[in-house]
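Put chain B on the given structure of chain A with help from the hints.
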Amino acid sequence: MIESHALADAVMALLLITNLLLLGFGYLNACVRAVALQGLVVGLLPLIMGGGSPLWRVAALTAVGMGIKGVVFPRMLSKLLRDVEVRREVEPFVGHGLSIALGVGAMGFSLWVSSKLGPLVAARNAWMISAGLATLLVGLFLIVSRRKAVSQVLGYIVLENGVYTFGLATVGHVPLLVELGVLMDAFVAVFIMSIAAYHISREFNHMDVDLLDKLRD
Amino acid sequence: MTWAASLLLSPLMLSIIARTKAFFAGRRGPPMLQPYRDLAKLLGKGAVYSRTTTWIFRAGPLVGLAAVLCAAALVPMGRIPAALSFPGDLVVFAYLLALARFAAVLAALDTGSAFEGMGASRETFFSALAEPALLFALAALCRLAGDWSLTGVLGNISGEDWLTHGPAILMAAGALFIVLLAENSRIPVDDPDTHLELTMIHEVMVLDHGGPDLAFILYGAALKLWTFAALLASLFTPPEGTALWVQAAGFLGCMAAASIAVGVVESVMARLRLSRVPMLLAGACALSMLALAGTLR
Chain A
1 MIESHALADA VMALLLITNL LLLGFGYLNA CVRAVALQGL VVGLLPLIMG GGSPLWRVAA
61 LTAVGMGIKG VVFPRMLSKL LRDVEVRREV EPFVGHGLSI ALGVGAMGFS LWVSSKLGPL
121 VAARNAWMIS AGLATLLVGL FLIVSRRKAV SQVLGYIVLE NGVYTFGLAT VGHVPLLVEL
181 GVLMDAFVAV FIMSIAAYHI SREFNHMDVD LLDKLRD
Chain B
1 MTWAASLLLS PLMLSIIART KAFFAGRRGP PMLQPYRDLA KLLGKGAVYS RTTTWIFRAG
61 PLVGLAAVLC AAALVPMGRI PAALSFPGDL VVFAYLLALA RFAAVLAALD TGSAFEGMGA
121 SRETFFSALA EPALLFALAA LCRLAGDWSL TGVLGNISGE DWLTHGPAIL MAAGALFIVL
181 LAENSRIPVD DPDTHLELTM IHEVMVLDHG GPDLAFILYG AALKLWTFAA LLASLFTPPE
241 GTALWVQAAG FLGCMAAASI AVGVVESVMA RLRLSRVPML LAGACALSML ALAGTLR
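Protein sequences appear in the order of chains A and B. The first sequence begins at 1 in this note's numbering and counts up one residue at a time. The second sequence begins at 1 in this note's numbering and counts up one residue at a time.
Possibly wrong hints are sitting among the right ones.
[What the hints assert, rightly or not] Just so you have them, the derived chain A footprint on chain B, three or more residues with Cβ under 8 Å:
#, stretch
1, 166–180
2, 277–283
3, 286–294
What the hints contain is simulated information worked out from the structure, not anything from laboratory work. Everything numeric in this text was worked out from a predicted model, so none of it was measured. For every residue, glycine included, the Cβ atom is placed at its ideal position computed from N, Cα and C.
If we strip away everything but chain A, and leave its shape as in the complex, we get:
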């Protein structure tokens, strides 16, 4: 029991560290790699949490989750970055230092919130809930604070990771079909968003979402 506990801790720590990396990295390629790492880490969660459910189900979920979030999404995004020849800098609205400080603040806030949830959750999962909540907030922050359309896709994936972690910590067992359906939704969303970002950059030679309100025929 202690072992799996330490393992869950390690996974949560990696999740939070990838959040900080995403807030701090200055290049889009590095951000994509960080998202890939986060996807692999989140994909591992069912294996650690899934005490009690049949092995094939856990294995299938882990394989599909890690495959889509850790391999397919990053591949799609790095292909997008190769195809649209935009500048590779992130160009955030909020500076990197302040972003990291806000990320740490988000972690503190989620720790506080999860300690207030009280009897709603087992004490064992409080740490995981706070990690999920922090990831969710960071994803939201990435969406609103970055200029390039690719960053919005990255933020969406991080948000999804956060929701997934949060759900796994609070509910524990979700029917396999529901989980796969959610993954499918996320996959389609990322797919469409990358195509949209590609066409935006083809048409206007940039992906700056701040300028989108000025687009005319």
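Relative to the frame of chain A, chain B by itself:
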């Protein structure tokens, strides 16, 4: 005993780092005893002082070396206790090193050179950012060990702590490693080999020192590297109850590994742009806060 070991062996870390870098560059590298020879050569020379400087410039290297010597006395070798230990000595440790830096900065400003002022400004800026990371990481370890002295903290972290709070210890160790690189002006924060004034941080402050003063500064830098590496290495030493020589050998092995790690980082990474360095240090702060949060459960 720990103090004597740190006084005798600390220049060896510099030669291990130099050897590692030479290995990556495909060279043989300097002999292992080269730092000792450099120190002996410098000590044999006379010193030249500019007429614009005052006693502050002469006091700088002495105060710096004395502060670092005191700080080295507080650091244990794994579970082998330090020469000096009392509750709260980790705060004294942090501020003795700050005193050494203060002396170096004052001496640099005393020369009246514009370059040295620039280096002094950068050095204080980066160390102000590194300090919270160091203190938060030490606080996390204190919380785990339930003790308030460096000897107690580093001696009490057992295998059981690794099982229950392994990730937190690893995060604290990561933060300490970044602080080690920043405080000892290593790549990716500063390059100890460069002599291009515009990008120098620490080295620019000691440009006007020569002879025995420079020897004091170099020896102090080696000791400082030793103390930070000892904090890190003490986390990975053999478990309690083993013989003294096993403890000592394990600790020295970890120190060698830490030097090699610094050498590898210097060989495979480029120096960060100055404006990116605060990001790295903010990351170290965040990492150590995370470690502290991890130990709170």
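We went through each hint and held it up to the structure:
1. 166–180: holds (count 5)
2. 277–283: Since three or more residues must qualify, the claim that chain A covers the stretch 277–283 of chain B holds, with 4 doing so at under 8 Å.
3. 286–294: holds (count 6)
In this structure, none of the earlier numbered hints is contradicted; all agree with it.
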